[in-house]
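A.B. asks: Take the given structure of chain A and dock chain B to it, following the hints.
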Amino acid sequence: MPEFLQYGFMVRALWAGAIVAVVAPVIGLFLVLRRYSLMADTLAHVSLAGVGAGMLVGLPPGVGAVLAAVAGAVGVEQLRVRQKLYGEVALALFLSGSLALALILMALAGGLDLDLFSYLFGSIVTVTPLDLALMAGLGGLVLLAVAAAHKELFAVTLDEEAAAVAGLPVAWLNAGFAGLAAVTVALTLRVVGVLLVSALMVIPAVASLQVATSFRSAVGWSVGFALVSAEAGLVAAYYLDLPAGAAIVAVALGIFGLTSARRWRKGDDVPVGSPPER
Amino acid sequence: MRTVARMAGEAAAAAGPATDSDVQPVIQAEGVDFAYDGPPVLEGINLTVWAGEFLGIVGPNGGGKTTLLKLILGRLRPRRGAVRLFGRPVAVFRDWQRVGYVPQRGHLLDARFPATVGEVVATGRYGRAGLFRPLGRDDRRAVDRALEAVGLVHLRGRLVGRLSGGEQQRALIARALAGEPELLVLDEPTVGVDAQAQEAFYGLLRHLNRDLGMTLILVSHDVGVVTTEVRQLACVNRRLVYHGPPAGFTAGREALEELYQTPVRLVDHQH
Chain A
1 MPEFLQYGFM VRALWAGAIV AVVAPVIGLF LVLRRYSLMA DTLAHVSLAG VGAGMLVGLP
61 PGVGAVLAAV AGAVGVEQLR VRQKLYGEVA LALFLSGSLA LALILMALAG GLDLDLFSYL
121 FGSIVTVTPL DLALMAGLGG LVLLAVAAAH KELFAVTLDE EAAAVAGLPV AWLNAGFAGL
181 AAVTVALTLR VVGVLLVSAL MVIPAVASLQ VATSFRSAVG WSVGFALVSA EAGLVAAYYL
241 DLPAGAAIVA VALGIFGLTS ARRWRKGDDV PVGSPPER
Chain B
1 MRTVARMAGE AAAAAGPATD SDVQPVIQAE GVDFAYDGPP VLEGINLTVW AGEFLGIVGP
61 NGGGKTTLLK LILGRLRPRR GAVRLFGRPV AVFRDWQRVG YVPQRGHLLD ARFPATVGEV
121 VATGRYGRAG LFRPLGRDDR RAVDRALEAV GLVHLRGRLV GRLSGGEQQR ALIARALAGE
181 PELLVLDEPT VGVDAQAQEA FYGLLRHLNR DLGMTLILVS HDVGVVTTEV RQLACVNRRL
241 VYHGPPAGFT AGREALEELY QTPVRLVDHQ H
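Sequence lines, in order, name chains A and B.
The first sequence begins at 1 in the working numbering and counts up by one.
The second sequence begins at 1 in the working numbering and counts up by one.
Isolated chain A, as found in the complex:
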């Protein structure tokens, strides 16, 4: 048995990484395809404000993070639907605004110096058994919901207008999806931290687009890439004494580099998100 498996904290970290690696890229793939990658980043910052508010009123940080992320997701979605602001403006507004709010709330709670760093960069090696059970429960719920609604989410992501004409309840589906994204962000937060959440949700998904031969295979590849990133990143962090979140994201980036290189060598470098050829 490798040395690192003798430590309870490391085993829990590997499990936590695996849970997040299954959930995060699935939601991330939908976000990427809807041109909404920044959503993950924004909700991560909003959940930090939730952590701050939780500290102030004595809620567990995880609970504050989930509640704030869901509220943030609903808020962003409302702004997007009503088109009061451009989508990206709404995201930028929520992102920076909630970071400021988070700093203020944490300072008021007296935990700014102590806790901020661990939330910004993740603290996967301090995951408790209770944390792990919560993550598994919430992650399982997100996966179940996505499994139940996968065809609706796919249709709306592919062509929102056609989905609406086909009679799908697009507004409800979008709101539900935003809620799932929020819960996923709050989960991922624990592993890689606020600043790297979107990396773990988005990078494996983008890498999967380089090799996917169908939507189904894109889901499979993105989960596979995220699992390898999380587990290899944690092990690397253990042996090289690196920050775990950063090591995980570095592995994910490496995978993205490899998939892109493969594509480029095949002389097939249509950039992600380019419009169809006329």
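Bear in mind the hints are in silico, worked out from the structure with no lab data behind them.
Please note: incorrect hints may appear among the correct ones.
Said to hold, decoys possible - Just so you have them, the derived chain A footprint on chain B, three or more residues with Cβ under 8 angstroms: (1) 97-104; (2) 128-137.
Unchecked claim - Derived list of chain A stretches under chain B, where covered just means 3 residues or more per stretch with a C-beta under 8 angstroms from a C-beta of chain B: (3) 163-176; (4) 212-225.
Said to hold, decoys possible - So these bits of chain A aren't anywhere near chain B, every CB distance computed over 10 angstroms: (5) PHE9; (6) TRP15; (7) LEU67; (8) ALA71; (9) LEU79; (10) GLU88; (11) ALA100; (12) LEU108; (13) LEU240; (14) LEU242.
Ideal Cβ placement from N, Cα and C applies to all residues, glycine included.
C.D. replies: Below, chain B without anything else, positioned relative to chain A:
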């Protein structure tokens, strides 16, 4: 093409005996006005489409063709007047599986969207399959038939981003056909499609309309081609400038061309 005939037959059977489309118009717009934030885009539109018609909607850019389509599909609400689909006001219409929609091709896809032709076409069946329910055997057969009808069976595993313009257009039509609609609405479907593919496309529409009795509405800026294909023509330029057989439109072509540029109020209603 026999498979398609079966498809339409099943669509009619699924709608129940003596469907209301036998007695009621498929589409009925009465006194419809519409404006975004500004001057009116459409005024006083009265348009009735009966089952089995093949209607072309033409008009200058900005004349309100696409807006009219969105009103018919319930994506926009009229400021005044009413639109009925199969006899029901659009706002409360729920049988959306009876309506197939083919958007402009450019509107659809990123070149890198990781979806196969089969996956895209299957989304057209989701409305009939029901919310949160997996596709059943009948649904998968309908998808197969739709792919057959447009001749894309051999490409069902191909990524949509890898298709030619004409193939993408056929994939979008197959998606609409997978829902076995009674009414098919097509918005500028030939934009960016080469001449040969257009030929095949109009052949397919003729077949759907004449052989299967599907009601078709085709929005296009390409007046020349459309007038030779459709059986009824509506010319929209804020008002319904002309509605009748294409022959009547082309006969008065010179006057109408003039009118095309200047919004003269001449409503010619022939049936």
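A.B. asks: Next step is simple, just say for each hint if it's right about the structure.
C.D. replies: Verification of the supplied hints:
By the rule of at least three residues with a Cβ nearer than 8 angstroms to a Cβ of chain A, the coverage given for the region 97-104 of chain B holds, with 4 such residues. Restraint check on the region 128-137 of chain B versus chain A: 5 residues with Cβ-Cβ distances below 8 angstroms, three needed, restraint holds. Coverage of the region 163-176 of chain A by chain B holds in this model, with 7 residues showing a Cβ closer than 8 angstroms to a Cβ of that chain against a need of three. Proximity of the region 212-225 of chain A to chain B, defined as three or more residues with a beta carbon under 8 angstroms from a beta carbon of that chain, is established by the 7 residues found.
Here PHE9(A) stays apart from chain B, with its beta-carbon at least about 37 angstroms from theirs, past the 10 angstroms limit. No beta-carbon of chain B is positioned within 10 angstroms of the beta-carbon of TRP15(A); the least distance is around 29 angstroms. For LEU67(A), the condition that its CB be more than 10 angstroms from all CB atoms of chain B holds, with the nearest at approximately 26 angstroms. No Cβ of chain B approaches the Cβ of ALA71(A) within 10 angstroms, the least distance being about 26 angstroms, so the stated non-interface status holds.
For LEU79(A), the requirement that its beta carbon stay farther than 10 angstroms from each beta carbon of chain B is met, with the minimum near 19 angstroms. Look at GLU88(A): its CB is around 17 angstroms from the nearest CB on chain B, clear of 10 angstroms, so calling it non-interface holds up. In this structure ALA100(A) is separated from chain B by more than 10 angstroms, as the shortest Cβ-Cβ distance comes to about 34 angstroms. Residue placement check: LEU108(A) keeps its beta carbon more than 10 angstroms from all beta carbons of chain B (closest about 44 angstroms).
Here LEU240(A) stays apart from chain B, with its beta-carbon at least about 34 angstroms from theirs, past the 10 angstroms limit. Look at LEU242(A): its CB is around 32 angstroms from the nearest CB on chain B, clear of 10 angstroms, so calling it non-interface holds up.
In summary, this structure violates none of the numbered hints.
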